[in-house]
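Kindly generate the complete structure, drawing on both the sequences and the hints.
2 protein chains.
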Amino acid sequence: MGLGAAMALALGDPPADYASIAAVGLFVALMCVCIVVGHLLEENRWMNESITALFIGLGTGAVILFASSGKHSRVLVFSEDLFFIYLLPPIIFNAGFQVKKKQFFRNFITITLFGAVGTLISFTVISLGALGLISRLNIGALELGDYLALGAIFSATDSVCTLQNFDPGNISSAKLLNFIGSFLYLFGSSTILGVASGLLSAYTIKKLYFGRHSTDREVSIMMLMAYLSYMLAELLDLSGILTVFFCGIVMSHYTWHNVTESSRVTTKHAFATLSFISETFLFLYVGMDALDIEKWKIVGQTYSPVKSIALSSTILALVLVSRAAFVFPLSFVSNLTKKTPNGKISFRQQVIVWWAGLMRGAVSIALAYNKFTRSGHTQQPSNAIMITSTISVVLFSTIVFGLLTKPLIRLLIPSRHLSREPSALSEPSSPKSFFEQLAANSPGHPDLENGISLRRPASLRFLLVSPARSVHHYWRKFDDSFMRPVFGGRGFVPFVPGSPTESSLPLLPGNEN
Amino acid sequence: MGLGAAMALALGDPPADYASIAAVGLFVALMCVCIVVGHLLEENRWMNESITALFIGLGTGAVILFASSGKHSRVLVFSEDLFFIYLLPPIIFNAGFQVKKKQFFRNFITITLFGAVGTLISFTVISLGALGLISRLNIGALELGDYLALGAIFSATDSVCTLQNFDPGNISSAKLLNFIGSFLYLFGSSTILGVASGLLSAYTIKKLYFGRHSTDREVSIMMLMAYLSYMLAELLDLSGILTVFFCGIVMSHYTWHNVTESSRVTTKHAFATLSFISETFLFLYVGMDALDIEKWKIVGQTYSPVKSIALSSTILALVLVSRAAFVFPLSFVSNLTKKTPNGKISFRQQVIVWWAGLMRGAVSIALAYNKFTRSGHTQQPSNAIMITSTISVVLFSTIVFGLLTKPLIRLLIPSRHLSREPSALSEPSSPKSFFEQLAANSPGHPDLENGISLRRPASLRFLLVSPARSVHHYWRKFDDSFMRPVFGGRGFVPFVPGSPTESSLPLLPGNEN
Numbered sequence: 001m002g003l004g005a006a007m008a009l010a011l012g013d014p015p016a017d018y019a020s021i022a023a024v025g026l027f028v029a030l031m032c033v034c035i036v037v038g039h040l041l042e043e044n045r046w047m048n049e050s051i052t053a054l055f056i057g058l059g060t061g062a063v064i065l066f067a068s069s070g071k072h073s074r075v076l077v078f079s080e081d082l083f084f085i086y087l088l089p090p091i092i093f094n095a096g097f098q099v100k101k102k103q104f105f106r107n108f109i110t111i112t113l114f115g116a117v118g119t120l121i122s123f124t125v126i127s128l129g130a131l132g133l134i135s136r137l138n139i140g141a142l143e144l145g146d147y148l149a150l151g152a153i154f155s156a157t158d159s160v161c162t163l164q165n166f167d168p169g170n171i172s173s174a175k176l177l178n179f180i181g182s183f184l185y186l187f188g189s190s191t192i193l194g195v196a197s198g199l200l201s202a203y204t205i206k207k208l209y210f211g212r213h214s215t216d217r218e219v220s221i222m223m224l225m226a227y228l229s230y231m232l233a234e235l236l237d238l239s240g241i242l243t244v245f246f247c248g249i250v251m252s253h254y255t256w257h258n259v260t261e262s263s264r265v266t267t268k269h270a271f272a273t274l275s276f277i278s279e280t281f282l283f284l285y286v287g288m289d290a291l292d293i294e295k296w297k298i299v300g301q302t303y304s305p306v307k308s309i310a311l312s313s314t315i316l317a318l319v320l321v322s323r324a325a326f327v328f329p330l331s332f333v334s335n336l337t338k339k340t341p342n343g344k345i346s347f348r349q350q351v352i353v354w355w356a357g358l359m360r361g362a363v364s365i366a367l368a369y370n371k372f373t374r375s376g377h378t379q380q381p382s383n384a385i386m387i388t389s390t391i392s393v394v395l396f397s398t399i400v401f402g403l404l405t406k407p408l409i410r411l412l413i414p415s416r417h418l419s420r421e422p423s424a425l426s427e428p429s430s431p432k433s434f435f436e437q438l439a440a441n442s443p444g445h446p447d448l449e450n451g452i453s454l455r456r457p458a459s460l461r462f463l464l465v466s467p468a469r470s471v472h473h474y475w476r477k478f479d480d481s482f483m484r485p486v487f488g489g490r491g492f493v494p495f496v497p498g499s500p501t502e503s504s505l506p507l508l509p510g511n512e513n
Numbered sequence: 001m002g003l004g005a006a007m008a009l010a011l012g013d014p015p016a017d018y019a020s021i022a023a024v025g026l027f028v029a030l031m032c033v034c035i036v037v038g039h040l041l042e043e044n045r046w047m048n049e050s051i052t053a054l055f056i057g058l059g060t061g062a063v064i065l066f067a068s069s070g071k072h073s074r075v076l077v078f079s080e081d082l083f084f085i086y087l088l089p090p091i092i093f094n095a096g097f098q099v100k101k102k103q104f105f106r107n108f109i110t111i112t113l114f115g116a117v118g119t120l121i122s123f124t125v126i127s128l129g130a131l132g133l134i135s136r137l138n139i140g141a142l143e144l145g146d147y148l149a150l151g152a153i154f155s156a157t158d159s160v161c162t163l164q165n166f167d168p169g170n171i172s173s174a175k176l177l178n179f180i181g182s183f184l185y186l187f188g189s190s191t192i193l194g195v196a197s198g199l200l201s202a203y204t205i206k207k208l209y210f211g212r213h214s215t216d217r218e219v220s221i222m223m224l225m226a227y228l229s230y231m232l233a234e235l236l237d238l239s240g241i242l243t244v245f246f247c248g249i250v251m252s253h254y255t256w257h258n259v260t261e262s263s264r265v266t267t268k269h270a271f272a273t274l275s276f277i278s279e280t281f282l283f284l285y286v287g288m289d290a291l292d293i294e295k296w297k298i299v300g301q302t303y304s305p306v307k308s309i310a311l312s313s314t315i316l317a318l319v320l321v322s323r324a325a326f327v328f329p330l331s332f333v334s335n336l337t338k339k340t341p342n343g344k345i346s347f348r349q350q351v352i353v354w355w356a357g358l359m360r361g362a363v364s365i366a367l368a369y370n371k372f373t374r375s376g377h378t379q380q381p382s383n384a385i386m387i388t389s390t391i392s393v394v395l396f397s398t399i400v401f402g403l404l405t406k407p408l409i410r411l412l413i414p415s416r417h418l419s420r421e422p423s424a425l426s427e428p429s430s431p432k433s434f435f436e437q438l439a440a441n442s443p444g445h446p447d448l449e450n451g452i453s454l455r456r457p458a459s460l461r462f463l464l465v466s467p468a469r470s471v472h473h474y475w476r477k478f479d480d481s482f483m484r485p486v487f488g489g490r491g492f493v494p495f496v497p498g499s500p501t502e503s504s505l506p507l508l509p510g511n512e513n
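Residue numbers (full-length UniProt numbering), protein chains in the order written: chain A, 1 to 513; chain B, 1 to 513.
If you are wondering where the hints come from, they were derived from the structure by calculation, not from laboratory data. Misleading hints may appear alongside valid ones.
Said to hold, decoys possible - Among chain A residues calculated to face chain B with C-beta under 8 Å, some are: (1) His-39; (2) Tyr-185; (3) His-213; (4) Glu-234; (5) Ala-270.
Since this is a predicted model, take the numbers as computed values, not measurements. Glycine included, C-beta positions come from ideal geometry on N, C-alpha and C.
If you want it as structure tokens, here you go:
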């Protein structure tokens, strides 16, 4: 690298960094291609950016595999650090930052129901199902811990991780209570941490008003404090996803209104862009990684193709069932609480909720690697097949379910409903919405736990139409009389008419509080 | 990390990633502190953000050193990858993106003179000086290559790296020509690559008009293509700094005008913010690294403190002399070309130009590590003392020269001159301007090669007032009749009045083309 490499050469030691530059460079180039192709396919009724990136990743993997004459297909070994420290936080934060807060607060109970209880149900169903079915495939020595891991991986929430901490012996009712307790503790404390750091940023910026001197400082401090909340959560063994998600919500509700106009425009788009880039990177990555030959070889040597397929389809079936197992019952429960009929979740909407949450992605893969490999490598067949099946399920669900989502919504939701929501079909499953599906499965991700991503306000709104009096009502009272005077927020900061925010209000975060 | 760590724990293997989370988290937290403190010290007549960050870094280093009972002071070992792949590109790109293009093109010849010739002179003086003086300190076996390295490190340009490629035997005139040739080749090809990638981005965005569907895509593609140009340059062994700097200039001159209004605001501030964050990180890092005990121990065991001080001050003296050796003569030459007296660079301005470029920083340290260590560690005393002296010089020049810059400017430039330029003293040496000083020493960094950073338009303009007819005149003709119709740019794209860009034109890049 410049003088670096030249000097390294002069010193006669191999320029070790060339490899990493080449790898990063390749990814950057591929991401550019993804963006251009995604743009050109914008109007396409089937494709979406996530699938495009996935295919490009697969293609590149194939080329590398061929070029390296069957040795390897990936330029980077899977790194949980890369994933959990750098790629996931911006995605989840942005999901929270752009969430429709009005509907979020209005439907807080339904959302919590779907989030917390739904996750528990899904986890239990998959774990028990795996225990019952996969054990029959005798793919090798699997302990109860592994089945629980499968439950965790495919309900893809980092809350159930607590389960991993108690020994997979006999699950007494005491242990169960213990688990539910720690689950709720995790949920609560993570949320509190996120809210607290969000409020801190709002208060700091309101008091010091960085914008006075520099917009950059405002934007930097927002980015850094959001990131800090995630890091802190991870260090405290809480759910970073939950924390940073709620931090995003609070920041868009308070902090965002305390900054200068240009900071508002900048943060809104910069956060979205960072999230977009991370997502594209992950899809490319997953695509390339899928073809990594090492693990397939090990699996191929030990198991028959039939067995591999059997395992993958079993897992896939469990995903379908486990999601149905909480979407339909919980929708029923939530409908009982609604008085007005238009507050209820129709069966068609329930189907969409169920379907849209079926896709599994990089989170599942990351967790699978974390559980079944040592730093991205494994020699044990029973571990290798877990990785390959995870990858198969992720690819299948992303591509097949992903491709069918647009038509399904078009089929189930008559266009007259959608006419009010032009954006409803415009980007139904961009990488964003797809990744929000991942986050969806963390109980912190309301709109997504509702199965319909933030990018599908139409269907979202169907779910979120609510009775007159609700948590939201009391929340608003509290917010206006206590919170905003302290932490700022809409209406509590000078709001210049004709400002960029003004001109594009319906788009900007925090405008639906 | 969330499920990751929990599973790791469940598996009973040490959560290796805790360390990295803690390290990153610490840095993020410290950066927040730096921003707040920097904001509070904004009006301070001595301090600036770079010095603040440096002190906070030193303080933290001291704490860690104490906590680890004298074992180590840094949480991250110096990594050239981190520096050259992730931190440097955004800083240099932003420097190019925000450059005042009008003055840049107007003074292209002067700038090139200072950039290319100045770097050569500075490099030669330091190398020869080191050869003459440091050899007398007999600090151990140093080859000619090491002296040349010192020249490269402290004229801190990655162009002279080419020098490292020919053997440090007898330097024949043929070899010298060979060197000058490769120097010019490097300069030219890097510039061309940067310009080409900038134009490509402009053309792509103009043709496809991503903004039609999504602002995020526009911003992403700009970021990614800028980054790609840097990566490409490094892979081709060109000067990534030069490439990405020119890419920035071209992007702000063409691409930036082809995107939507919100993209313009976003890119302008997002790029500045990323650069700001990278700089703050680097200063913190340098501060913490300075106290790393390992190398000081080795030096302490072998050399007397006197010798260390002697070496450091020799280098410092060489830096002072070498910069004077090209600033004053070249200013004289450049003055010869100017007809009108107000086009000339006054002696006072020359002093500022000389002074403002004296600060050395993370680039020097990175290069020193690269030349004198293996992956951040060394056992050889003569190498260790090179590192420690580099650090001493960097700290001294940043803090002492840095602190004296504001007063010096105030002293030499009567306030009546500055009254027209309120911004002139507002942020005279923010980390930005400081780092631009680093970039300054690469022949790609005009305003800075002029010694006055982008953040000091006042002094800058003194230098850049130019005669009526100039390269700029012909450039404009060419630009308007050939370039802009193809690549877009100001006046060749729909420009909505009252747009955010409109409202803040004097601030936005590309408005002085």
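Now the hints, each set against the structure:
1. His-39: holds, 5 Å
2. Tyr-185: At 14 Å from the nearest chain B Cβ, Tyr-185 of chain A fails the 8 Å test, so the hint is violated.
3. His-213: holds, 5 Å
4. Glu-234: For Glu-234 of chain A, the interface hint holds, since the closest Cβ of chain B sits about 5 Å away, which is under 8 Å.
5. Ala-270: holds, 4 Å
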